[in-house]
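Start from chain A and add chain B according to the hints.
Protein chains in written order, with my numbering: chain A, 8 to 587; chain B, 8 to 587.
Hints were generated in silico from the structure; no laboratory data involved. Heads up, some of the hints might be wrong.
Calculated cross-link-like contacts (lysine-lysine; reagent style BS3-like; alpha-carbon spacing at most 25 Å) [unchecked claim]:
hint	chain 1	residue 1	chain 2	residue 2
1	A	Lys349	A	Lys129
2	A	Lys566	A	Lys252
3	B	Lys572	A	Lys12
4	A	Lys62	A	Lys358
5	B	Lys199	A	Lys199
6	A	Lys12	A	Lys43
7	A	Lys199	A	Lys12
8	A	Lys252	A	Lys293
9	A	Lys12	A	Lys62
10	B	Lys192	A	Lys12
11	A	Lys349	A	Lys62
12	B	Lys199	A	Lys192
13	A	Lys12	A	Lys358
14	B	Lys358	B	Lys293
15	B	Lys252	B	Lys192
16	A	Lys199	B	Lys43
17	B	Lys12	A	Lys192
18	B	Lys293	A	Lys192
19	B	Lys12	B	Lys252
20	B	Lys62	B	Lys349
21	A	Lys579	A	Lys566
22	B	Lys12	A	Lys199
23	B	Lys349	B	Lys450
24	A	Lys349	B	Lys192
25	A	Lys293	A	Lys358
26	B	Lys62	B	Lys43
27	A	Lys43	A	Lys62
Number of protein chains: 2
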Amino acid sequence: MNMEKIITAAAGREPVDALFINGRVIDVFTGEILEKSVGVKDGYICGFGDYEAVKTIDLEGMYLAPGFMDAHVHIESAMVTPLQFSRGVLPCGTTTVIADPHEIANVMGIAGIEYMISSADKALMNILFALPSCVPATHMETSGATLNAETIAPLLTHERVIALAEMMNYPGVIFTDPDVMAKIKAAHVVRKAVDGHAPGVRGFDFNAYVVAGIASDHECTTAEEAMEKMRLGIHIMVREGTCAKNLEALLPAITDHTWHQMMWCTDDRHPEEILTQGHVDYIIRKAITSGIDPIRAIQMGTINCARYFGIRDAGAIAPGRRADMVAFNDLNYPVIEQVFIKGALVANGGKPVSSNHSTSIPDAPEVMFFDLNAVDFSIPLPLVSKSHVDQPHEIGIRVIEVIPDQVITRERIVTPIVQDGQVVSDPANDIVKMAVIERYTGKTGMFTGLVTGLGLTRGALASSVAHDSHNIIVAGVDDQEMRTAVQAVKTMGGGFAVVRDGEVVASLPLPVAGLMSHEPMDRLDHDMRQVIEAAHDLGSPLADPFMALGFLALPVIPKLKMTDKGLVDVEKFDTVSLFV
Amino acid sequence: MNMEKIITAAAGREPVDALFINGRVIDVFTGEILEKSVGVKDGYICGFGDYEAVKTIDLEGMYLAPGFMDAHVHIESAMVTPLQFSRGVLPCGTTTVIADPHEIANVMGIAGIEYMISSADKALMNILFALPSCVPATHMETSGATLNAETIAPLLTHERVIALAEMMNYPGVIFTDPDVMAKIKAAHVVRKAVDGHAPGVRGFDFNAYVVAGIASDHECTTAEEAMEKMRLGIHIMVREGTCAKNLEALLPAITDHTWHQMMWCTDDRHPEEILTQGHVDYIIRKAITSGIDPIRAIQMGTINCARYFGIRDAGAIAPGRRADMVAFNDLNYPVIEQVFIKGALVANGGKPVSSNHSTSIPDAPEVMFFDLNAVDFSIPLPLVSKSHVDQPHEIGIRVIEVIPDQVITRERIVTPIVQDGQVVSDPANDIVKMAVIERYTGKTGMFTGLVTGLGLTRGALASSVAHDSHNIIVAGVDDQEMRTAVQAVKTMGGGFAVVRDGEVVASLPLPVAGLMSHEPMDRLDHDMRQVIEAAHDLGSPLADPFMALGFLALPVIPKLKMTDKGLVDVEKFDTVSLFV
Numbered sequence: 008m009n010m011e012k013i014i015t016a017a018a019g020r021e022p023v024d025a026l027f028i029n030g031r032v033i034d035v036f037t038g039e040i041l042e043k044s045v046g047v048k049d050g051y052i053c054g055f056g057d058y059e060a061v062k063t064i065d066l067e068g069m070y071l072a073p074g075f076m077d078a079h080v081h082i083e084s085a086m087v088t089p090l091q092f093s094r095g096v097l098p099c100g101t102t103t104v105i106a107d108p109h110e111i112a113n114v115m116g117i118a119g120i121e122y123m124i125s126s127a128d129k130a131l132m133n134i135l136f137a138l139p140s141c142v143p144a145t146h147m148e149t150s151g152a153t154l155n156a157e158t159i160a161p162l163l164t165h166e167r168v169i170a171l172a173e174m175m176n177y178p179g180v181i182f183t184d185p186d187v188m189a190k191i192k193a194a195h196v197v198r199k200a201v202d203g204h205a206p207g208v209r210g211f212d213f214n215a216y217v218v219a220g221i222a223s224d225h226e227c228t229t230a231e232e233a234m235e236k237m238r239l240g241i242h243i244m245v246r247e248g249t250c251a252k253n254l255e256a257l258l259p260a261i262t263d264h265t266w267h268q269m270m271w272c273t274d275d276r277h278p279e280e281i282l283t284q285g286h287v288d289y290i291i292r293k294a295i296t297s298g299i300d301p302i303r304a305i306q307m308g309t310i311n312c313a314r315y316f317g318i319r320d321a322g323a324i325a326p327g328r329r330a331d332m333v334a335f336n337d338l339n340y341p342v343i344e345q346v347f348i349k350g351a352l353v354a355n356g357g358k359p360v361s362s363n364h365s366t367s368i369p370d371a372p373e374v375m376f377f378d379l380n381a382v383d384f385s386i387p388l389p390l391v392s393k394s395h396v397d398q399p400h401e402i403g404i405r406v407i408e409v410i411p412d413q414v415i416t417r418e419r420i421v422t423p424i425v426q427d428g429q430v431v432s433d434p435a436n437d438i439v440k441m442a443v444i445e446r447y448t449g450k451t452g453m454f455t456g457l458v459t460g461l462g463l464t465r466g467a468l469a470s471s472v473a474h475d476s477h478n479i480i481v482a483g484v485d486d487q488e489m490r491t492a493v494q495a496v497k498t499m500g501g502g503f504a505v506v507r508d509g510e511v512v513a514s515l516p517l518p519v520a521g522l523m524s525h526e527p528m529d530r531l532d533h534d535m536r537q538v539i540e541a542a543h544d545l546g547s548p549l550a551d552p553f554m555a556l557g558f559l560a561l562p563v564i565p566k567l568k569m570t571d572k573g574l575v576d577v578e579k580f581d582t583v584s585l586f587v
Numbered sequence: 008m009n010m011e012k013i014i015t016a017a018a019g020r021e022p023v024d025a026l027f028i029n030g031r032v033i034d035v036f037t038g039e040i041l042e043k044s045v046g047v048k049d050g051y052i053c054g055f056g057d058y059e060a061v062k063t064i065d066l067e068g069m070y071l072a073p074g075f076m077d078a079h080v081h082i083e084s085a086m087v088t089p090l091q092f093s094r095g096v097l098p099c100g101t102t103t104v105i106a107d108p109h110e111i112a113n114v115m116g117i118a119g120i121e122y123m124i125s126s127a128d129k130a131l132m133n134i135l136f137a138l139p140s141c142v143p144a145t146h147m148e149t150s151g152a153t154l155n156a157e158t159i160a161p162l163l164t165h166e167r168v169i170a171l172a173e174m175m176n177y178p179g180v181i182f183t184d185p186d187v188m189a190k191i192k193a194a195h196v197v198r199k200a201v202d203g204h205a206p207g208v209r210g211f212d213f214n215a216y217v218v219a220g221i222a223s224d225h226e227c228t229t230a231e232e233a234m235e236k237m238r239l240g241i242h243i244m245v246r247e248g249t250c251a252k253n254l255e256a257l258l259p260a261i262t263d264h265t266w267h268q269m270m271w272c273t274d275d276r277h278p279e280e281i282l283t284q285g286h287v288d289y290i291i292r293k294a295i296t297s298g299i300d301p302i303r304a305i306q307m308g309t310i311n312c313a314r315y316f317g318i319r320d321a322g323a324i325a326p327g328r329r330a331d332m333v334a335f336n337d338l339n340y341p342v343i344e345q346v347f348i349k350g351a352l353v354a355n356g357g358k359p360v361s362s363n364h365s366t367s368i369p370d371a372p373e374v375m376f377f378d379l380n381a382v383d384f385s386i387p388l389p390l391v392s393k394s395h396v397d398q399p400h401e402i403g404i405r406v407i408e409v410i411p412d413q414v415i416t417r418e419r420i421v422t423p424i425v426q427d428g429q430v431v432s433d434p435a436n437d438i439v440k441m442a443v444i445e446r447y448t449g450k451t452g453m454f455t456g457l458v459t460g461l462g463l464t465r466g467a468l469a470s471s472v473a474h475d476s477h478n479i480i481v482a483g484v485d486d487q488e489m490r491t492a493v494q495a496v497k498t499m500g501g502g503f504a505v506v507r508d509g510e511v512v513a514s515l516p517l518p519v520a521g522l523m524s525h526e527p528m529d530r531l532d533h534d535m536r537q538v539i540e541a542a543h544d545l546g547s548p549l550a551d552p553f554m555a556l557g558f559l560a561l562p563v564i565p566k567l568k569m570t571d572k573g574l575v576d577v578e579k580f581d582t583v584s585l586f587v
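Okay, chain A solo, but in the shape it has when bound (with noise of 0.2 Å):
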């Protein structure tokens, strides 16, 4: 921002370069609507009045209102790089993100942050980072980097950094884990916000989670946790994403009283829902239908978060603000006409102005040290159990049981199928084997274990996106079928495989880091219901059996997962052995 030139023009002295006339101006500080003219310079607002203009652009009686800004997101989900989701998400009207990099810095570390940031600088929309705070997740698993306080640190500072990222690690807050106060205090230091991410943590413990200065969460369930958190100088964020949506729950928290303590987040949210319902304007316009007030649902998406963040240059149509705004005619209903960033239209009607966008691709490094020779998925049955060979029913298997459209599992224990020693798949009963492959370190460390309720009935499937280390994750009835869908994942330096009779039936590349794709979000979107078909065709009735399998990894989500390192029973917070 050249301060001294948009001062310059607010003042008067020179030509603003655009002049918005005609808008019913939506002031997020007083919630008036204004008829006044905007004129913008460089970029940047100067402020309300009739300027001499180069350009004046008619709005026609549109509301025009500050870009909407999305508090808590991981770019990752929407499985494309951050300039293939500003193009995507920008005729939404989103135009400022606060990301988490937290899925690619578990595959990559501060590179893959820095990555992310390329990417940012390369985009229209304005995408802020807060900075993973907890990578690993766990111990229990092999990730790509560990980012202790001393190794984010000096990213704090970063311009486009405003935050430590959701706190996931409660208890270290709670137990005063030397890193985990490290970490806080370097974001304390620089003025930065500390988010927070306490699903159900109450009483005492929330007490003591607040201490640290943790000012955030976006994991409330209920209105009554919301209220409870609030009450402690929280902010909630109100989150609307594919695999939790809070708004509805939370609506009753959302008062005169507490409104300006709350804001919108999207957290993770899948290109088709994006495609399809929208983003942060789909929050809003739910927020409206279900009877908050459109001015106060707008003031949550833009100056709440901007408030919250302490960024001064967005959230308002204000002097010094980035242009970033949206016009749109419904008031009670807001479908975004036109999306402005820094002054320039960037979408109309819902398509981006391609013009505008930028197609330099950066560099992405490929994650995907392991060898596929060293990888076998047979499951030997334990010694002391080889000797009862001739009584199998006696011997007990762990198997993971996938519940349909959640992320937690069950435990069930079966009798395995024993071939020649080694347990089998056994698909008439919905058990095939699974496997997760460490893809970093090169030494190729793997588990293989059963898993019911993915309905396969054949082939298989790989994946390199398993929350949150992102090793490889596979499935399959068979061992030869599980290896070609690996092998396929590899060559492609990541993403989505199905092989079925032998062959790759369906596949689709996410080379950046194994999560993201460069190609637009409508293409990926398409490809993945495209390899999304070729898995049902395998026997999946889940809705998305890729979705599934990318949760089946994640240590930390009741009740049975799958690391490299072995099963997870989570509730023990420790690893489990296969066999009972």
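Quick look at chain B alone, frame taken from chain A:
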């Protein structure tokens, strides 16, 4: 703050130091009144709940609110050191102030600011600082220091410094003065607030002012002006000081939509009003009796201020914040019964609990660098006029006219009384000599002219409190008595002196920079009444002749003022000749 220690107690693993029970706790986040116990450890609030406690404090049903915050105050205006200010104001329930040491900075520069910080370190009150942005106020006077961006930048990172103070030099902003720009940018870099001061500035000029990221204003005198500024995102500090009282005028601007962008401040409040009316508590009571909801009035005096400045550890009764709290019985007219700082009772029934207060006094160097022998109050006629000595009626002289109870003056042109080619006082017509003597360089630069409206019929008054440069100002009938008064001020190292019949009949030492006393506020107030009485005895009908005198050297408020460099016509923003 020992975060780990407080977390440990908050989590219930160790007893808290104190548990405040049976209070009706005002939750400034949700606006609720909660009947919950408050645990305190190591001076900080752990949280709500029935903690095991070393000590229990029974509030017997009283309301418990966070200690009040004054968003903008010049402690120098209370004429006592920060240490004594703390002692005097704490009984009113003000536990945090954002002090702008503008006056002492004009006298002593960075050393003055450092003195205030070191005195604040010894005070019980939470005294935070906004760095003076405009020292000296103008080029038309000699001050004790020049603070440019380079000088103040290192102090911006001090933990007690949370803002750049009132940017009075709005032309410097609007015309992008490089040093003004550099100061503002330096504050932005460290994410600290930049306070405004722009009385009556509107339209394009105010747009330009806001582009610079200036975020508050405490100079609004009408609700319309406040609304206009809030629409641009400016936070309004509603001022009730001794010289300016704006609450009544701004009441219509305090609405359901705007209140969270507003807060209270005193700016300049003299000991008499503090001792008889109160401080922020007085503003809160006045707001409530004017129709503002009591909780809201308290929120404006606590959390709104904390949020604006990004103060994480004050402004609310919530985990991790200082246990600075006030207790009172009547929510509709809160008279502060008990005040707690970091959990300890520091004031009770309007009186300080003295054992808690430090008695060690930080040293302050004397700033009185002028040569009494070089002081000469004669006003010789200009050479061109001396030939007309027989026609003195043909000579005109500019006289500063004091207007009772106002800081503006008028210019009068009169025919002077001349004796031996020198202009002399004309007490019969309420015209006496006035001089400003520069006290910083040792060169004893000075200027002598005439003033009317002080009402002096005999004797002389001298003072070292003369905004903003605080040179020595003196007025009197007789040159010798003026000299005696100046000598008295010099001998005290600063202060007020009244001379009658050649003798010093009353004096008040202000040895700290010539602005502040080490005495307690009530003692200062008592002494102040005596010097004012002595001044009245010289014939002055003004309520406070020293306050009137103190504004006669302020060359930023119209019309005619005097500095050591001469007479200043403020409307022309330049010096003008004495004779016309």
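Results of checking the hints against the structure:
Taken as a hint, the Lys349/A and Lys129/A pair is honoured in the structure, with Cα atoms around 14 Å apart against an allowance of 25 Å. A C-alpha spacing of about 21 Å is found between Lys566/A and Lys252/A, which places the hinted pair at or below 25 Å, so the restraint holds. For the given pair, Lys572/B sits about 36 Å from Lys12/A by alpha-carbon distance, which is inconsistent with the 25 Å threshold. For the hint pairing Lys62/A with Lys358/A, the CA-to-CA distance comes to about 23 Å; that is within 25 Å, so the pair holds.
Our distance criterion of 25 Å between C-alpha atoms is met by Lys199/B and Lys199/A, whose separation comes to about 11 Å. Straight-line distance between C-alpha atoms of Lys12/A and Lys43/A comes to about 22 Å, which keeps the hinted pair within the 25 Å bound. Taken as a hint, the Lys199/A and Lys12/A pair is broken in the structure, with Cα atoms around 28 Å apart against an allowance of 25 Å. Between Lys252/A and Lys293/A, the direct Cα distance comes to roughly 11 Å. Compliance with the 25 Å bound is thereby established for this hinted pair.
Taken as a hint, the Lys12/A and Lys62/A pair is honoured in the structure, with Cα atoms around 17 Å apart against an allowance of 25 Å. For the given pair, Lys192/B sits about 14 Å from Lys12/A by alpha-carbon distance, which is consistent with the 25 Å threshold. Distance restraint check for Lys349/A and Lys62/A: the Cα-Cα separation of roughly 14 Å lies within the 25 Å cut-off, and the hinted pair is therefore satisfied. The hinted pair formed by Lys199/B and Lys192/A meets the criterion: a straight-line CA distance of about 17 Å does not exceed 25 Å.
Note on Lys12/A and Lys358/A: the hinted pairing is violated, with a Cα-Cα distance of about 32 Å set against a maximum of 25 Å. For the proposed pair Lys358/B and Lys293/B, the alpha carbon gap of about 21 Å is at most 25 Å, so the pair holds. In summary, the hint linking Lys252/B to Lys192/B is not supported, as the alpha carbons are separated by about 32 Å, beyond the 25 Å threshold. Straight-line distance between C-alpha atoms of Lys199/A and Lys43/B comes to about 31 Å, which puts the hinted pair past the 25 Å bound.
Our distance criterion of 25 Å between C-alpha atoms is met by Lys12/B and Lys192/A, whose separation comes to about 14 Å. Simply put, Lys293/B and Lys192/A have alpha-carbon atoms about 40 Å apart, too far for the 25 Å limit, and the pair is violated. Among the hinted pairs, Lys12/B with Lys252/B is inconsistent with the structure: their alpha-carbon atoms are about 44 Å apart, more than 25 Å. Taking the CA atoms of Lys62/B and Lys349/B, the gap is about 14 Å. The hint holds against a cut of 25 Å.
For the suggested pair Lys579/A and Lys566/A, the alpha carbons sit about 9 Å apart, so the restraint of at most 25 Å is met. Taken as a hint, the Lys12/B and Lys199/A pair is honoured in the structure, with Cα atoms around 23 Å apart against an allowance of 25 Å. Straight-line distance between C-alpha atoms of Lys349/B and Lys450/B comes to about 48 Å, which puts the hinted pair past the 25 Å bound. Of the supplied pair hints, the one linking Lys349/A and Lys192/B holds, its CA atoms being roughly 21 Å apart against a limit of 25 Å.
The hinted pair formed by Lys293/A and Lys358/A meets the criterion: a straight-line CA distance of about 21 Å does not exceed 25 Å. With a CA separation close to 16 Å, the supplied pair Lys62/B and Lys43/B stays within the 25 Å bound. Pair hint Lys43/A plus Lys62/A holds up; C-alpha atoms about 16 Å apart against a cutoff of 25 Å.
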